[in-house]
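Novice: Generate coordinates for the entire structure from the input sequences, incorporating the hints supplied.
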Amino acid sequence: MSETVAPVRTAAKQLRELDRAVVRFAGDSGDGMQLTGEQFTTESAWAGNDIATLPNFPAEIRAPAGTLFGVSSFQLQFGSQRVYTPGDRLDCLVAMNPAALKVHLSDLKPGGLLVVNTNAFDKRNLDKAGYPSNPLDDPALAERYRLHKVDMTALTLEAIKDLSLNQKEKERTKNFFALGVVSWIYTRPLEPTLEWIKKKFAKNQVIAEANARVLKAGHAFGETAEIFAEHYAVEAAELPPGLYRAMTGNRALAWGLLAAAQRSKLPVVYGAYPITPASGILEELAMHKRFRIRTIQAEDEIAAVTAAIGASFGGAIGVTASSGPGIALKGEGIGLAVTAELPLVIFDIQRGGPSTGLPTKTEQADLMQALYGRNSESPVVVLAPATPGDCFYIAYEAVRIATKYMTPVLVLSDGFLANGSEPWPVPDINSLPPIDVQFRTEKEGFFPYLRDPATLARPWVRPGTPGLEHRIGGIEKQDVTGNISYDPDNHDHMVRMRAEKVRRVAQEIPPTSINGPATGDLLVVGWGGTYGAITAAVERTQLEGQSVASVHLRYLNPLPPDLGHILREYRKVLVPEINSGQLVRVLRAEYLVDAVGFNRVRGLPLATDEIYEAIKQLLGSAS
Amino acid sequence: MSVSGAGPAEARRYTKKDFESDQDVRWCPGCGDYAILSAVQKTMPDLGIPKENIVFISGIGCSSRFPYYMNTYGFHTIHGRAPAVATGLRLARPDLKIFVVTGDGDGLSIGGNHMLHVLRRNVSLTILLFNNRIYGLTKGQYSPTSELGKVTKSTPLGSADRPVNPLAFALGCGATFVGRTVDRDVKHMEEMLKRAAHHNGTAFLEILQNCNVYNDLAWNALYEKESKLQYELRLEQGKPLLFGALDDRKAVIMDGVIPKVVSAASVPASALWVHDEKNVNAAKLLADLWAPEFPIPVGVLAAVEAPVYEEILLDQEKRAVSERGAGDIAKLLTSGDTWKIE
Numbered sequence: 003m004s005e006t007v008a009p010v011r012t013a014a015k016q017l018r019e020l021d022r023a024v025v026r027f028a029g030d031s032g033d034g035m036q037l038t039g040e041q042f043t044t045e046s047a048w049a050g051n052d053i054a055t056l057p058n059f060p061a062e063i064r065a066p067a068g069t070l071f072g073v074s075s076f077q078l079q080f081g082s083q084r085v086y087t088p089g090d091r092l093d094c095l096v097a098m099n100p101a102a103l104k105v106h107l108s109d110l111k112p113g114g115l116l117v118v119n120t121n122a123f124d125k126r127n128l129d130k131a132g133y134p135s136n137p138l139d140d141p142a143l144a145e146r147y148r149l150h151k152v153d154m155t156a157l158t159l160e161a162i163k164d165l166s167l168n169q170k171e172k173e174r175t176k177n178f179f180a181l182g183v184v185s186w187i188y189t190r191p192l193e194p195t196l197e198w199i200k201k202k203f204a205k206n207q208v209i210a211e212a213n214a215r216v217l218k219a220g221h222a223f224g225e226t227a228e229i230f231a232e233h234y235a236v237e238a239a240e241l242p243p244g245l246y247r248a249m250t251g252n253r254a255l256a257w258g259l260l261a262a263a264q265r266s267k268l269p270v271v272y273g274a275y276p277i278t279p280a281s282g283i284l285e286e287l288a289m290h291k292r293f294r295i296r297t298i299q300a301e302d303e304i305a306a307v308t309a310a311i312g313a314s315f316g317g318a319i320g321v322t323a324s325s326g327p328g329i330a331l332k333g334e335g336i337g338l339a340v341t342a343e344l345p346l347v348i349f350d351i352q353r354g355g356p357s358t359g360l361p362t363k364t365e366q367a368d369l370m371q372a373l374y375g376r377n378s379e380s381p382v383v384v385l386a387p388a389t390p391g392d393c394f395y396i397a398y399e400a401v402r403i404a405t406k407y408m409t410p411v412l413v414l415s416d417g418f419l420a421n422g423s424e425p426w427p428v429p430d431i432n433s434l435p436p437i438d439v440q441f442r443t444e445k446e447g448f449f450p451y452l453r454d455p456a457t458l459a460r461p462w463v464r465p466g467t468p469g470l471e472h473r474i475g476g477i478e479k480q481d482v483t484g485n486i487s488y489d490p491d492n493h494d495h496m497v498r499m500r501a502e503k504v505r506r507v508a509q510e511i512p513p514t515s516i517n518g519p520a521t522g523d524l525l526v527v528g529w530g531g532t533y534g535a536i537t538a539a540v541e542r543t544q545l546e547g548q549s550v551a552s553v554h555l556r557y558l559n560p561l562p563p564d565l566g567h568i569l570r571e572y573r574k575v576l577v578p579e580i581n582s583g584q585l586v587r588v589l590r591a592e593y594l595v596d597a598v599g600f601n602r603v604r605g606l607p608l609a610t611d612e613i614y615e616a617i618k619q620l621l622g623s624a625s
Numbered sequence: 009m010s011v012s013g014a015g016p017a018e019a020r021r022y023t024k025k026d027f028e029s030d031q032d033v034r035w036c037p038g039c040g041d042y043a044i045l046s047a048v049q050k051t052m053p054d055l056g057i058p059k060e061n062i063v064f065i066s067g068i069g070c071s072s073r074f075p076y077y078m079n080t081y082g083f084h085t086i087h088g089r090a091p092a093v094a095t096g097l098r099l100a101r102p103d104l105k106i107f108v109v110t111g112d113g114d115g116l117s118i119g120g121n122h123m124l125h126v127l128r129r130n131v132s133l134t135i136l137l138f139n140n141r142i143y144g145l146t147k148g149q150y151s152p153t154s155e156l157g158k159v160t161k162s163t164p165l166g167s168a169d170r171p172v173n174p175l176a177f178a179l180g181c182g183a184t185f186v187g188r189t190v191d192r193d194v195k196h197m198e199e200m201l202k203r204a205a206h207h208n209g210t211a212f213l214e215i216l217q218n219c220n221v222y223n224d225l226a227w228n229a230l231y232e233k234e235s236k237l238q239y240e241l242r243l244e245q246g247k248p249l250l251f252g253a254l255d256d257r258k259a260v261i262m263d264g265v266i267p268k269v270v271s272a273a274s275v276p277a278s279a280l281w282v283h284d285e286k287n288v289n290a291a292k293l294l295a296d297l298w299a300p301e302f303p304i305p306v307g308v309l310a311a312v313e314a315p316v317y318e319e320i321l322l323d324q325e326k327r328a329v330s331e332r333g334a335g336d337i338a339k340l341l342t343s344g345d346t347w348k349i350e
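Quick note, the sequences are listed as chains W and F, same order. In this text, residue positions in the first sequence follow our numbering: the first is 3, and each later residue adds one. In this text, residue positions in the second sequence follow our numbering: the first is 9, and each later residue adds one.
Honestly, the hints are just simulated from the structure, not real lab data. Please read all numbers here as calculations on a predicted model, not as lab measurements. Note that beta-carbon positions come from the ideal geometry of N, C-alpha and C, so glycine has one too. Check the hints yourself; a few may be wrong.
[Claimed, not checked] If you want a taste of the chain F side facing chain W, the calculated C-beta under 8 Å gives, among others:
| # | residue |
| --- | --- |
| 1 | Pro58 |
| 2 | Glu60 |
| 3 | Asn79 |
| 4 | Tyr81 |
| 5 | Phe83 |
| 6 | His84 |
| 7 | Ile86 |
| 8 | Leu99 |
| 9 | Val194 |
| 10 | His196 |
| 11 | Leu340 |
| 12 | Lys348 |
Specialist: Here's what the structure looks like:
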């Protein structure tokens, strides 16, 4: 089982070159579709392609088998050129049961490859999916798509019939058959998956043997079965040279904190309460105690944020994370950090809402909550990563700004960035800006709210420093002395001071990069996880010769100082968002520009096609 | 195990004055908090800890103004959250001595959840809960320790809530140190403060405190001379549970598993209930005793050793570093599945 399988290229089957392909694996939530997708992603990374992924799964851990709501899927786009999104329409759909077919078929391009496990299309599963008759028997299906009916279950069982596993255990390996078939169709190397199986099941040789055999059986089936007339190669992408690794957004946020801890030489205290889709960050950080990352699985969201604040008071980097509902609970705590003027980093991994909403689906509707979701005037710095890999830099930047300006910094990631992955060039750690924390130790002239003239930050004093004993708190305080003050003019002064301090962070923002002409007909402004879809749509219009550009905001509060000027260089401004129009409202209010929103709130990433159409429409109305 | 906050051997000699801040104390005249503040300031020099290593954390309420009046490090946070703030501070700073000052509303109502978890985790903190059975700062609504039927501004026909017993709650949460003292018994209060401050783990000290404006003499059973003599049960390690006037000494004994009051003279010495702080089950029975059926226990109900939260976590960190070296992000970034593009 240790031998590796080289992709066999037989003369009999035609190999066609493709620029890119979009593949989706869909099945029951117990069918192992996420694993299958992840392994296919690794194989594609080995093949040197650029990749974007979209895991999509139900909130229920094990939804009843065969049901429509229990369908779990994993989509990826891989290509020989830059891939910005997981793709809109599918080139290939693998459906492991009738429910998966029903839920996903409409996304398959006409003429697309449709691979189904016929074994699952029995009366029971058809009933559960609401099919009155077997859709595979309908000739229209095979006319519209390149339908490949494969009894994966039977072929799987045949491949491992001599192994001492029970029926259920044997059937459970059928996802590797599907992976084998699709790996053959797209000429993916099997080595990474075989290696993975070897490692993962090192303690259970029989299972390891079964999975490896089934994978190879699927691959061999693709090669030898008469049904597949051709298969495809997607050449390695021309990515900039360097060392790469696959990176998800949640892991990148965690690793960004590790980098910040190392560079600042400070411990991180991370308070969190498990919540989808943020829990992965807590689990990742808990593995890295060597970086002096101290994780607290708190009793609730409020304890998570206040423990982080307590740690910051003690001179550590206090960090907390959640998703929208948890951020709502943390609001009062964040306000405390605003008035106590302590560093605090908050990750909000946005998901569909309101309330519990769509826990496993993505959304961008917490922007207003991030900007204004606290009592009174409580300004915080707000940042947003554009891609999964960008989460690393944004987490690091959040710590840098929080400690330099003594302010909370809120990072808006989302479910799509959190779980999605991309090939990520490994950064040179020395290229990151320093995080140079200077605790105050000088007694002479000390006051708790004395301010740095450039940043307006108050001094950070570690308890334990002799002679600097002082008290801070949530009650309004006099500027400089920090003594409790109910004086009306002082309050007005402090409200302005806290706002001005956050505004000063603008001096940290690099010039905004514009993708396209510096002046023209239309500018698309985006933020967060829509970066890929917007960029792909904009570049398509540019290839058509349209005068369209895009900017993607990573700093949402304060906004980049050059943004107002940039907005005025275009006749129209389009703001696509997965909300009802939040950034567009901010831009209109801030700059008095007639920006137009493009808004879909479906729990899914925006599609390149729909943004493209929105651009065309707005350009059309402009002429 | 190390005592948190222990400073250099040549700890400076302090007096009470060193711990008085320059802020005007703003409690109502006659408030029990004054006596507690004075006792705490007086106790501090005896801890032998440099004052820059002492931190007071509080939530919201009259009691929570406490840190402003202590010339140490202090943080007046938000309602109910002081135990959580202190937990984060403790993980960041195992070297500090941390006090949490809270009240019956702050600690047992809005912050009840945090109190539960800080006690079960056994984080090294000294928690002082001022219990006056009323909401003072919001001007006189009933609190979670107010008696059933209590008539207040928010319960004109009497409260329908049954009160929580702070000591029984703390013991139920798995607290490793549980004690009770009274604001008008300065000597006992100082003694209890020292005991609590020296405990390794979470110490929970209930201080019965008088709100002379909204709930005057709620603890009169322990204030008024006659009733104090009649009802106060001083708990002392290794001593039998005896109380009452010297000429009419009474004893609390165990009748099966049920506490019972008898005349001390009527039972042999072997039948007396001898107080043992290590016996948490006995402490749970003691916590429920109250006048007039029973005496009111004051003193240390329970003091036991148990694993300490931050010691476990920081030990994991230390071991991870000693076994595999300090973390190196550059190494981590290039570890595992990577590939090179030429």
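Novice: Looking back at the numbered hints, which does the structure fail to meet, lowest number first?
Specialist: 9 and 10
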